[in-house]
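Asker: Each protein sequence line maps, in turn, to chains V and B. Take 22 as the starting number for the first sequence in the numbering used here and just add one per residue. Take 22 as the starting number for the second sequence in the numbering used here and just add one per residue.
By construction, these hints were calculated from the structure, which means they are not laboratory data. The reader is advised that the hints may include incorrect statements.
The list cannot tell twin chains apart, which means a pair is met if one copy fits it or any two copies do.
Claimed, not checked - With a straight-line Cα cutoff of 25 Å, these simulated DMTMM-like cross-link-like pairs (lysine to aspartate or glutamate) come out:
1) K70 / E271
2) K218 / D250
3) K28 / D98
4) K152 / E236
5) K25 / D294
6) K267 / E34
7) K167 / E343
8) K28 / E90
9) K267 / E61
10) K152 / E34
11) K24 / E100
12) K28 / E86
13) K28 / D120
14) K91 / D247
15) K152 / D294
16) K25 / D291
17) K91 / D289
18) K152 / E263
19) K25 / E86
20) K267 / D250
21) K91 / E321
22) K152 / E241
23) K28 / D71
The model shown is predicted, which means the values in this text are computed figures rather than measured ones.
Listed here are the chains, written in short residue letters.
Protein chains: 2
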Amino acid sequence: MNKKLGKQSVTFENMLTIASAASVVGNKEGEGPLGARFDEVHEDAMLGKDSWEQAEAEFLKKALEKATEKARLTQSDIEYVVAGDLMNQSTSSSFVLRDMPLPFFGIFGACSAFGEGLGLGSMIVDGGFAKHVLIGAASHFCAAEKQFRFPLELGGQRPLTSTWTVTGAGAAVLSLGGGGPYVRGVTTGKIIDMGIKDMNNMGAAMAPAAADTLEAHFREFGRTPDYYDVIATGDLGYVGKELVVKLMAEHGYDMSKNYTDCGIEIYDRDSQDTHSGGSGCACSATTFAALYYPRLVSGEIKRMLIIPTGALANQMTSQQGETIPGIAHAVAIEGP
Amino acid sequence: MNKKLGKQSVTFENMLTIASAASVVGNKEGEGPLGARFDEVHEDAMLGKDSWEQAEAEFLKKALEKATEKARLTQSDIEYVVAGDLMNQSTSSSFVLRDMPLPFFGIFGACSAFGEGLGLGSMIVDGGFAKHVLIGAASHFCAAEKQFRFPLELGGQRPLTSTWTVTGAGAAVLSLGGGGPYVRGVTTGKIIDMGIKDMNNMGAAMAPAAADTLEAHFREFGRTPDYYDVIATGDLGYVGKELVVKLMAEHGYDMSKNYTDCGIEIYDRDSQDTHSGGSGCACSATTFAALYYPRLVSGEIKRMLIIPTGALANQMTSQQGETIPGIAHAVAIEGP
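Isolated chain V (complex conformation) (with noise of 0.2 Å):
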């Protein structure tokens, strides 16, 4: 049994089945091109709550419900919760798995965590752990610039290398054989880091990460772009993009065709304001789940690579000088 690829991917005995994907989000999304495409769109981008923390946390925790219902499934069903966010020390998934009695895994690989969990879900169902993991990845605007950049109160201007990050939750069931669309290989990231210092620059922070991980999978897959119908990344936004295309470009293959980037699908450029676009852990996730994954059950897209990226670094140690290393993870969908 050789399920390696190369140093960095692995291919899967079995087929395993995003049997569900859901997304949950806030108004401000769902004033956003894909706003008819979303589970749930919420007028109230507090959800009731007390705090963007909390409000976070009930995100997730409509995006988890939703894709085990939209599944067919019930909780008890689920055999592990795979789930990352972006607060510090993961609150928002801890907290909301305080109500879901189930084996978890807590991820963090910032913005990537839909793709680490997806690659990790993948090892855990093929490798014959479960035959039903849920994943999850969330975010919330407010919550994150309180955390990393300014509290919203200071009215900061943002730079327009800046992306914004979305509120709302994206979440997928990965199930043990069943009628597909099929997760057929995973490629997962190293760090890396080109030495970027802008916390408001994260899509440049992110694209050496996301050409280092598309460089490896075309490489040890024998594969090129034309390959896939859609290649996303997750949350590079336009200025990450137009860097992740001249890079490949380096590399020798021709992105100018079928890649996009989640972060650019997700708002409206022109009247949304959000500058290079979306970013955070929800917005590779829900858009995956709100756009990609009907068509590739409708077979409208028969293959296509999704490339979670994340930024990694705290506001602390960017007050020390530190750079913001990079991590982006590949999954390889293929519809039935």
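We have chain V already, so just place chain B on it with the hints.
Answerer: Below, chain B alone, put in the same frame as chain V:
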């Protein structure tokens, strides 16, 4: 192939050897009862770095390198690194991986990281995705006090229920096959929250989670505590250990004979002023590596259960009046 044992436990098809375990600690740990057993004791708990946070990352780096070396491997033999720590956004793990270009899964389970890492690592290796996985966990007393409680410069008095975060890092290489000691089973924890709010009484916050996982482990494996030569929780300290003994007695299990806590083993209660004992991600990881692993190798211990425990909260959730959820993962290890 049924590797599942009840809702939370799994066994493995392959023999999974813990090929090495390494411990690198600071001066206070070096002065404790395990002083002579650690691989490296550093008089300078800053390790020559400019900040506590950078020092924590450096401890992790040294432990990861030491474990690799002790397993007689080189960095390029390692297929995945699974690591976690206590810093906001797990920066110790992410930052040290900048210098180790290896596929990386960042985990967050607070001080349960070593258990979560062993659990996921075992599934990755047994699932056929790697022959060698490197697992690491780090913490630093000064960085943790600053982040979770009060700046040290404030000179705050620590209550008697408080534990002392271990400064250092532990790491282990998990390999396919080999001569043991073997990971023979894993019981993955659920989030348990019994309403404790005191950030200076983590032992009480985590004890119910430890008892929950222990009860599930014994029930699902059909064992009683006397199956093991040693049962060691991660970092409950004296306060939490006593609670576990009581809670398990209510479940009908006698934990009075062979049960201890790594936080009790690592410091001397009378002379080291650590009050309830040791804590932090490094507590179970370094105690396992220094105290138990060599005895498993020598055959002095035939079977042990290690249950790293984590308290899942941050300073802000605490200020918002939230309680402290706990989690614990049990790993059953048997000698060659």
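Asker: For each hint, tell me whether it holds in the structure or not.
Answerer: Tested hints:
Within a single copy, K70 and E271 get their C-alpha atoms no closer than 48 Å, and across copies no closer than 36 Å, so neither meets the 25 Å cut-off. Taking the shortest Cα distances, K218 and D250 never come within 25 Å of each other, neither inside one copy (34 Å) nor across copies (50 Å). When the C-alpha separation of K28 and D98 is checked against a cutoff of 25 Å, the pair qualifies only between copies, where the shortest distance is 10 Å, while the shortest distance within a copy is 34 Å. Taking the shortest Cα distances, K152 and E236 sit within 25 Å of each other only across copies (24 Å), while inside one copy they are farther apart (31 Å).
When the C-alpha separation of K25 and D294 is checked against a cutoff of 25 Å, the pair qualifies neither within a copy, at 43 Å, nor between copies, at 50 Å. When the C-alpha separation of K267 and E34 is checked against a cutoff of 25 Å, the pair qualifies neither within a copy, at 35 Å, nor between copies, at 45 Å. For a Cα distance limit of 25 Å, the shortest separation of K167 from E343 qualifies both inside one copy, at 19 Å, and across copies, at 18 Å. Taking the shortest Cα distances, K28 and E90 sit within 25 Å of each other only across copies (20 Å), while inside one copy they are farther apart (37 Å).
Within a single copy, K267 and E61 get their C-alpha atoms no closer than 36 Å, and across copies no closer than 45 Å, so neither meets the 25 Å cut-off. For a Cα distance limit of 25 Å, the shortest separation of K152 from E34 qualifies both inside one copy, at 14 Å, and across copies, at 17 Å. With identical chains, the CA atoms of K24 and E100 are at most 25 Å apart both within one copy (23 Å) and between copies (13 Å). Taking the shortest alpha-carbon separations for K28 and E86, only the inter-copy value of 19 Å comes in at or below 25 Å, while the best intra-copy value is 36 Å.
For a Cα distance limit of 25 Å, the shortest separation of K28 from D120 across copies, 17 Å, qualifies, whereas the shortest one inside one copy, 38 Å, does not. For the identical chains of this complex, K91 and D247 are neighbours neither inside a copy (31 Å) nor across copies (44 Å), given an alpha-carbon limit of 25 Å. For the homomeric pair K152 and D294, neither the shortest alpha-carbon distance inside one copy (43 Å) nor that between copies (48 Å) is at most 25 Å. Neither within a single protomer nor between protomers do K25 and D291 lie at most 25 Å apart by alpha-carbon distance, with minima of 44 Å and 52 Å respectively.
Within a single copy, K91 and D289 get their C-alpha atoms no closer than 28 Å, and across copies no closer than 54 Å, so neither meets the 25 Å cut-off. In this assembly of identical chains, K152 and E263 lie within 25 Å of each other by CA distance neither inside one copy nor across copies; the values are 39 Å within and 37 Å between. Taking the shortest alpha-carbon separations for K25 and E86, only the inter-copy value of 24 Å comes in at or below 25 Å, while the best intra-copy value is 33 Å. For a Cα distance limit of 25 Å, the shortest separation of K267 from D250 inside one copy, 20 Å, qualifies, whereas the shortest one across copies, 59 Å, does not.
In the homo-oligomer, the alpha carbons of K91 and E321 lie at most 25 Å apart inside one protomer (20 Å), although the nearest pairing across protomers, at 52 Å, exceeds that limit. When the C-alpha separation of K152 and E241 is checked against a cutoff of 25 Å, the pair qualifies only between copies, where the shortest distance is 18 Å, while the shortest distance within a copy is 28 Å. Taking identical chains as interchangeable, the C-alpha atoms of K28 and D71 are never at most 25 Å apart, the minima being 46 Å within one chain and 34 Å between chains.
Checked against the numbered hints above, the structure breaks hints 1, 2, 5, 6, 9, 14, 15, 16, 17, 18 and 23 and satisfies the rest.
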